[in-house]
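Undergrad: Residue-level listing of the chains:
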Amino acid sequence: GNSVTQMEGPVTLSEEAFLTINCTYTATGYPSLFWYVQYPGEGLQLLLKATKADDKGSNKGFEATYRKETTSFHLEKGSVQVSDSAVYFCALSGGSSASKIIFGSGTRLSIRP
Amino acid sequence: NAGVTQTPKFQVLKTGQSMTLQCAQDMNHNSMYWYRQDPGMGLRLIYYSASEGTTDKGEVPNGYNVSRLNKREFSLRLESAAPSQTSVYFCASMRDRANEKLFFGSGTQLSVL
Chain V
1 GNSVTQMEGP VTLSEEAFLT INCTYTATGY PSLFWYVQYP GEGLQLLLKA
51 TKADDKGSNK GFEATYRKET TSFHLEKGSV QVSDSAVYFC ALSGGSSASK
101 IIFGSGTRLS IRP
Chain R
1001 NAGVTQTPKF QVLKTGQSMT LQCAQDMNHN SMYWYRQDPG MGLRLIYYSA
1051 SEGTTDKGEV PNGYNVSRLN KREFSLRLES AAPSQTSVYF CASMRDRANE
1101 KLFFGSGTQL SVL
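Residue numbers (the numbering used here), protein chains in the order written: chain V, 1 to 113; chain R, 1001 to 1113.
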């Protein structure tokens, strides 16, 4: 079945550092890929998505490129801020049911001022 | 703008008790989902309903049942609660396959003693 693997956290960075959070996937067919973010005490919200190979999703300075050849969808940001501290989840849809959406284990990110 | 509403927000049960978690969305979405969130495990899909009248198992369905009561409501039932079901439960909805964005409720913190 489909699966999503994320780098383990927590990740701690200083403000203005470069961020990469790795995500790889296993899937049949052509899944859509997502990054969701969960701020403390809140539910998840969509950060960005990509629906086909080589697509780049972007939002709030974050980017991720759908790489079919490496089955990856790594999240990047050039200069992180304290307000980016949150838990980030990689996810995919597809497989036996196009509506089935599964998530990775999440990566907690903490940014030091 | 209620979005996705979950009740209750907190619940404590004794082993063997039963309860139903309620979820309702007012966005006319077709698909609805139940996830559980555990430390280090990310979000795991319990059940989902791609459209009114259908339900399908997710990654961890054992010990749970669901009912898609109508297009708005999707309930999750624990027939005989176990300590392993202590978790935070999130309901989510999505308009359709063409617009793959999940909207999440604020979660239910469930403790089974």
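Keep in mind the hints are simulated off the structure, nothing from the lab. Glycine residues also receive a C-beta, built at the ideal position from the N, C-alpha and C atoms. Any given hint might turn out to be false.
Said to hold, decoys possible - Calculated pairs, BS3-like style, for lysine-lysine (alpha carbon to alpha carbon, straight line, at most 25 Å):
#, chain 1, residue 1, chain 2, residue 2
1, R, K1014, R, K1071
2, R, K1071, R, K1057
3, R, K1014, V, K68
4, V, K77, V, K52
5, V, K77, V, K60
6, V, K68, V, K56
7, R, K1014, V, K77
8, R, K1057, R, K1101
9, R, K1009, R, K1057
10, R, K1101, R, K1014
11, V, K68, V, K52
12, R, K1071, R, K1101
13, R, K1101, V, K52
14, V, K60, R, K1101
15, R, K1101, V, K56
As the list claims (entries may be wrong) - Computed, partial: chain R to chain V, Cβ under 7 Å:
#, residue
16, Q1022
17, D1026
18, G1042
19, L1043
20, A1050
21, N1062
22, G1063
23, Y1064
24, V1088
25, K1101
26, F1104
Stated by the list, open to error - Negatives, chain V to chain R, calculated, CB over 12 Å:
#, residue
27, E8
28, V11
29, S32
30, Q38
31, E42
32, L44
33, Q45
34, K49
35, S83
36, S99
37, S105
38, T107
39, S110
Undergrad: Please go over all the hints and tell whether each is borne out by the structure.
TA: We went through each hint and held it up to the structure:
1. R/K1014 - R/K1071: 32 Å, violated
2. R/K1071 - R/K1057: 18 Å, holds
3. R/K1014 - V/K68: 47 Å, violated
4. V/K77 - V/K52: Satisfied, since the Cα-Cα distance of roughly 21 Å is no more than 25 Å.
5. V/K77 - V/K60: 9 Å, holds
6. V/K68 - V/K56: Holds, at about 12 Å.
7. R/K1014 - V/K77: Violated: R/K1014 and V/K77 sit about 45 Å apart, past 25 Å.
8. R/K1057 - R/K1101: 20 Å, holds
9. R/K1009 - R/K1057: The hint holds at about 24 Å.
10. R/K1101 - R/K1014: 36 Å, violated
11. V/K68 - V/K52: 9 Å, holds
12. R/K1071 - R/K1101: The hint holds at about 17 Å.
13. R/K1101 - V/K52: Holds, because 15 Å separates the two Cα atoms, which is no more than 25 Å.
14. V/K60 - R/K1101: Roughly 17 Å separates the two Cα atoms, so the pair holds.
15. R/K1101 - V/K56: Distance of about 16 Å is within 25 Å: holds.
16. Q1022: The hint is violated - R/Q1022 has no Cβ within 7 Å of chain V, the shortest such distance being about 16 Å.
17. D1026: 16 Å, violated
18. G1042: 4 Å, holds
19. L1043: 4 Å, holds
20. A1050: Hint on R/A1050: holds, closest Cβ of chain V at ~4 Å, below 7 Å.
21. N1062: 16 Å, violated
22. G1063: 19 Å, violated
23. Y1064: Where the cut-off is 7 Å and the nearest Cβ of chain V is about 16 Å from R/Y1064, the hint is violated.
24. V1088: Nearest chain V Cβ about 10 Å off; hint violated.
25. K1101: This hint holds: R/K1101 lies near chain V, its Cβ roughly 5 Å from the closest one there, short of 7 Å.
26. F1104: This interface hint holds because 3 Å falls under the 7 Å limit.
27. E8: Its Cβ does come within 12 Å of chain R, the nearest being 9 Å, so this is violated.
28. V11: 15 Å, holds
29. S32: V/S32 is in fact no farther than 12 Å from some Cβ atom of chain R, at 5 Å.
30. Q38: 9 Å, violated
31. E42: 7 Å, violated
32. L44: 5 Å, violated
33. Q45: 7 Å, violated
34. K49: 6 Å, violated
35. S83: Per Cβ check, V/S83 is outside 12 Å of chain R; nearest 20 Å; holds.
36. S99: 4 Å, violated
37. S105: At roughly 4 Å from the nearest Cβ of chain R, V/S105 sits no farther out than 12 Å, so the non-interface label is violated.
38. T107: 9 Å, violated
39. S110: Per Cβ check, V/S110 is outside 12 Å of chain R; nearest 16 Å; holds.
Of the numbered hints listed earlier, those contradicted by the structure are 1, 3, 7, 10, 16, 17, 21, 22, 23, 24, 27, 29, 30, 31, 32, 33, 34, 36, 37 and 38.
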